[in-house]
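The listed protein sequences correspond, in order, to chains A and B. So our numbering is basically just the index in the first sequence, starting at one, shifted up by 970. So our numbering is basically just the index in the second sequence, starting at one, shifted up by 970.
Fair warning: there could be bad hints in the mix.
All copies of an identical chain are treated as equivalent in the list; a pair is satisfied when it fits inside any one copy or across any two copies.
[As the list claims (entries may be wrong)] No more than 27 Å apart at the CA atoms, straight line, and that leaves these computed lysine-lysine pairs for DSS-like:
1. Lys1115 - Lys1008
2. Lys1154 - Lys1071
3. Lys1023 - Lys1010
4. Lys1115 - Lys1010
5. Lys1115 - Lys1168
6. Lys1168 - Lys1010
7. Lys1168 - Lys1154
8. Lys1121 - Lys1168
Keep in mind that the hints were calculated from the coordinates and are not lab data.
Protein chains: 2
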Amino acid sequence: MSPPRDPESTRRHLLEVSAEEMRFKGYKAASLADILNKAKVSKGALYHHFANKQELGYAVFDEIFVREFLADWDVPMSNTDPIDAVCQWITEMSEQASKEKLQQGCPVCNIATEMVSLDEGFRDRTQTMFDTLRSRIAVMLSTAKLNGQVKQVVVPESVSPFIVATVQGAMMQGKYGRDLETFKAILRCLADYLTTLKT
Amino acid sequence: MSPPRDPESTRRHLLEVSAEEMRFKGYKAASLADILNKAKVSKGALYHHFANKQELGYAVFDEIFVREFLADWDVPMSNTDPIDAVCQWITEMSEQASKEKLQQGCPVCNIATEMVSLDEGFRDRTQTMFDTLRSRIAVMLSTAKLNGQVKQVVVPESVSPFIVATVQGAMMQGKYGRDLETFKAILRCLADYLTTLKT
DNA sequence: TTGCAAACAGACCGGTTGGTCTGTTACTGT
DNA sequence: ACAGTAACAGACCAACCGGTCTGTTTGCAA
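With the sequences and hints as input, model every part of the structure.
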């Protein structure tokens, strides 16, 4: 049991319940009243840990959603063949995908789509996150190019956003159609394309 | 000048103003009060033409957003080479894209992302719209296959959702990063891939 | 010209929203 | 032991939300 007063764990609890709410309803539609009810925490406690709803939203985004997202995208880079590694990662992602997860979609993308044009904070966070991801993949492709594992015509700075966009698009399509097969077909197609980049 | 009382045009006006609001703010955050203010129309008039906000949302989605979307995706099919046609269409889309349009993103996708998991009506509409689009592209690829313009290994039912997902992902990435170049790079990459499908 | 429904106008309403404020309880350093 | 502050608890609030309801104006058919 956690002690009767553990500020760090109540903060964490608040964060997780908020994340759960925002996953399904989005940022704006997630009401503080619902969060408080679900978490069985008083309003005073919430406003002791977070200045306002915006700060709570930022914290959820940074500490839960972005963390999860980048962990999911943590493609093994040290493999003998990076393209194979990405393809294998895609296959694993495809197999792990459940219908429920797919219906929920990618929380980062959901919140980003909702808030990017309305809130600078969310915009900056989204931007830097995707920059990180894209450059990570671009580096991988560049080294593969140097090692002669990838065709010289490949432009890492074009292919990396392409990969990101396609995976994101696949998740969206899967979410809209509630269809696991569509999602898998798109990812398989992406893997096919990537193998054409090999020397 | 329109006559002092023209129910059809006030309905249309209401639809357009609502669309403008929902483009920027999404469905839920678009308030009726703001719409009414902007349209300079009374609440009585709105509720005379629409049963409630949901019906207004559906009408905006059907009569404005889906219409625009399918018009944008109206790729010329009768060309000599369908793959070339798609590539040319992609290029045109890439050139026409403005920074403002990109920041706003695709209204259909925005609303779909927000509402698909919360509202059956929006879900059904989104689903059938993308089904229409995908099968339209699949048919194009199938006939091209029959004509021997596309490799026999190509599976139209996989490639068509792939194309849709990638373009959608490209728009999202462009929206998030407010960057026209990323958007264009992704589309160019897609065009490259499509040309590899030619015989 | 009159009757009547369609087309609007806008005051009003209950419920919900994020946020504040005052009070109480628990821990911690001295 | 006690003081002081961090950690809560929850009543309260103004603003806003979608929606209703009553009243007025307009056009048109008879």
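Consistency of the hints with the structure:
With identical chains, the CA atoms of Lys1115 and Lys1008 are never at most 27 Å apart, being 51 Å at best within one copy and 55 Å at best between copies. Within a single copy, Lys1154 and Lys1071 get their C-alpha atoms as close as 14 Å, which meets the 27 Å cut-off; across copies the closest is 30 Å, which misses it. Proximity of Lys1023 to Lys1010 under the C-alpha cut-off of 27 Å is restricted to the intra-copy arrangement: shortest distance 17 Å within a copy versus 32 Å between copies. Proximity of Lys1115 and Lys1010 under a CA criterion of 27 Å is satisfied in neither setting, with 54 Å inside one chain copy and 60 Å between copies.
In this homomeric assembly, Lys1115 and Lys1168 come within 27 Å of each other (Cα to Cα) both inside a single copy, at 9 Å, and across copies, at 26 Å. In this assembly of identical chains, the alpha carbons of Lys1168 and Lys1010 never lie at most 27 Å apart, being 54 Å within a copy and 60 Å across copies at closest. Proximity of Lys1168 and Lys1154 under a CA criterion of 27 Å is satisfied in both settings, with 22 Å inside one chain copy and 23 Å between copies. Taking identical chains as interchangeable, the C-alpha atoms of Lys1121 and Lys1168 lie at most 27 Å apart whether they share a chain (6 Å) or sit on different chains (19 Å).
The earlier numbered hints that this structure contradicts are 1, 4 and 6.
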